[in-house]
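**Q** For what it's worth, full-length UniProt numbering labels the leading residue of the sequence shown as 1, then goes sequentially.
No lab work stands behind these hints, which were simulated from the structure alone.
Warning: the hint list may mix true and false statements.
[Said to hold, decoys possible] Once the Cα atoms are required to be at most 16 Å apart in a straight line, the calculated EDC-like pairs of lysine to aspartate or glutamate come out as:
(1) Lys236 x Asp256
(2) Lys243 x Asp254
(3) Lys97 x Asp194
(4) Lys318 x Glu488
(5) Lys235 x Asp271
(6) Lys402 x Asp454
(7) Lys236 x Glu69
(8) Lys308 x Asp297
(9) Lys243 x Asp292
(10) Lys243 x Glu258
(11) Lys302 x Asp271
(12) Lys72 x Asp231
(13) Lys97 x Asp297
(14) Lys288 x Glu278
(15) Lys308 x Glu490
(16) Lys318 x Glu386
(17) Lys316 x Glu258
(18) Lys87 x Glu77
(19) Lys318 x Glu484
(20) Lys235 x Glu74
(21) Lys243 x Glu64
(22) Lys243 x Asp271
(23) Lys97 x Glu74
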Amino acid sequence: MQPPNTANTLIWVTFLLPTFLILGLVYFMMRRARDQFDGGILGSFVKSPAKRHDKSKQRTTFDEVAGLENAKSELQEIVEFLKNPEKFQRLGGRIPKGVLLIGPPGSGKTLLARAVAGEAGVPFFSISGSEFIQMFVGVGASRVRDMFKTAKESSPCILFIDEIDAVGRVRGAGLGGGHDEREQTLNQILTEMDGFSPNESVIVLAATNRPDVLDPALLRPGRFDRHVTVDRPTKKGRLAILKVHSRNIPLDPDVDLEGIARGTVGMSGADLANLVNEAALLATREDKNQVDMADFDAARDKIIMGAKREEFITEKDKRATAYHEIGHALVGWLSPNTDPVHKVTIIPRGRALGVTQFLPEEDRLGYSESQVDAKLAVLLGGRAAERLIYDDLTTGAAEDLKQATRLARMMVTQWGMSERIGPVFFRASEEHPFLGREMSETRDHSEHTAQVIDEEVARILREADERAFHMLEDHREDLERLTEALIEREVLSVSEIEELIGKRAGPPTNVSGDEVAASLDNPV
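Working from the sequences, and respecting the hints, build out all of it.
**A** Okay, structure coming up:
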């Protein structure tokens with residue numbers, strides 16, 4: 001039997017030890033979190049994650065930004081202000097506080113922002129809009145305050161917010177219109193941009209590909225009061241970009257960069273950089289000492305049509321795919337208002353068993369109604385060939401139908417190309433990407449109008465389908481001849497098609513400014 005005092009001691013130790021351990025742990029955590037802005041637990045959340053790129057490091061200049069001459073000339077004024085602010089302030093001028101770069105993904109918005117900082121020789125802070133938002137309330141606003149405080153201390157400098165639409169969307173658009181964490185962060189950005197003093201040379205650059213969803217308060221004069229459009233490059237711009245990205249790559253004398261630029265309409269700067277890189281990788285795989293034109297052609301096909309798939313296809317499926325693809329190609333060949341056929345293949349690529357590639361001969365700003373009608377006929381040409389040859393339909397035309405239906409609906413609801421509907425614009429449902437508005441405001445027209453729209457879309461598609469069918473029916477011999485050649489060779493080029501059925505119909509009609517419809521980027 002143990003002495004009484006020993007038993008009492010054990011009881012007290014068993015009871016108090018866990019209590020002291022818990023209190024000690026709480027004290028330790030409170031000590032760590034006490035200084036929020038000096039590396040404590042909370043400090044890791046509220047400190048701005050903006051990355052600083054000093055002028056002492058390797059800098060980007062306007063010489064490295066090819067194909068964006070208009071955007072560079074607009075931003076040159078910002079560079080001059082950062083270099084010599086007194087020059088502008090002498091006559092009472094005020095440089096814009098914020099510049100919004102608007103353009104599609106991969107067009108060079110981030111590169112432009114870096115080049116402005118590099119040309120001016122000032123520090124460059126970059127952050128993504130999504131980095132402001134965390135699970136804790138108030139973190140986004142704290143990060144904004146810390147970011148602007150750091151930028152002001154480093155003045156003159158450039159503060160770049162990429163994908164600002166992640167935090168700068170219209171307020172009150174969420175479910176119930178609640179004042180959520182994102183809205184608090186946006187409010188803090190607006191407050192900070194209003195708080196710049198005249199002698200603080202901090203320029204805020206931001207980039208977005210969705211300017212339509214930004215809050216109007218963000219775009220008003222005094223905040224982002226200058227908008228610079230960074231569009232896809234023209235042929236001249238594409239050539240300049242290709243020269244920049246291929247300057248350190250050994251090129252075969254047969255490489256025609258101007259021809260490549262002519263055949264890459266619609267590609268962004270990032271697409272062209274990827275094209276050059278893919279060509280270099282293909283040449284490396286084949287142990288070549290130089291990159292030749294065949295590598296560039298193969299790289300372009302891989303990017304546009306997808307990578308080759310090695311798989312067995314039965315003769316029946318191969319023949320059906322050939323008829324389908326020649327249906328697209330022949331309708332395009334016989335239609336003067338379509339882009340020229342570039343290549344037809346039944347080698348499986350990406351998710352498709354075959355691909356017909358059309359390449360425009362020049363940059364376009366829009367399409368006329370006749371050109372859109374011709375595009376619809378081309379999209380439905382593969383389905384029409386199946387119906388003509390087999391008197392049956394397959395599931396292979398699903399993607400074609402999806403694109404054609406989207407195009408026909410845009411003709412009716414957005415481009416005023418329906419006599420029954422008239423020159424009216426109806427908002428597409430996907431233009432409100434927020435759940436709250438989508439639930440409460442599904443459409444801006446009546447049920448009767450919706451029925452008329454559906455009827456017009458069906459009519460346009462039916463007429464395009466009939467046009468494609470009659471074209472192929474009238475030229476069935478050409479359809480059979482091209483199909484047999486495609487089955488034998490697996491790939492047909494423009495010259496081979498010309499050799500088999502003669503030259504294509506006349507060139508596309510020119511589009512005047514008042515005929516502009518919209519960009520048609522989807523491949524067949």
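**Q** Are the hints correct? Go through all of them and say.
**A** Hint check:
1. Lys236 x Asp256: holds, 14 Å
2. Lys243 x Asp254: holds, 15 Å
3. Lys97 x Asp194: The hint holds at about 9 Å.
4. Lys318 x Glu488: holds, 10 Å
5. Lys235 x Asp271: holds, 14 Å
6. Lys402 x Asp454: The hint holds at about 14 Å.
7. Lys236 x Glu69: holds, 10 Å
8. Lys308 x Asp297: Holds, because 14 Å separates the two Cα atoms, which is no more than 16 Å.
9. Lys243 x Asp292: Holds - the C-alpha atoms of Asp292 and Lys243 are around 15 Å apart, at most 16 Å.
10. Lys243 x Glu258: holds, 10 Å
11. Lys302 x Asp271: holds, 12 Å
12. Lys72 x Asp231: Given that 16 Å is the threshold and the Cα spacing comes to 12 Å, the pair holds.
13. Lys97 x Asp297: Violated. Lys97 to Asp297 sits at ~45 Å, over the 16 Å cutoff.
14. Lys288 x Glu278: holds, 14 Å
15. Lys308 x Glu490: Since the Cα atoms of Lys308 and Glu490 sit roughly 13 Å apart, the hinted pair holds (cutoff 16 Å).
16. Lys318 x Glu386: holds, 13 Å
17. Lys316 x Glu258: Not OK: Lys316 and Glu258 at ~41 Å, beyond 16 Å, violated.
18. Lys87 x Glu77: holds, 11 Å
19. Lys318 x Glu484: Holds, at about 11 Å.
20. Lys235 x Glu74: Distance ~21 Å between Lys235 and Glu74 Cα, so the pair is violated.
21. Lys243 x Glu64: Roughly 10 Å between the alpha carbons, so the hint for Lys243 and Glu64 holds.
22. Lys243 x Asp271: holds, 14 Å
23. Lys97 x Glu74: At roughly 14 Å apart (the allowed maximum being 16 Å), Glu74 and Lys97 satisfy the hint.
In terms of the numbered hints stated before, the structure departs from hints 13, 17 and 20, listed from lowest to highest.
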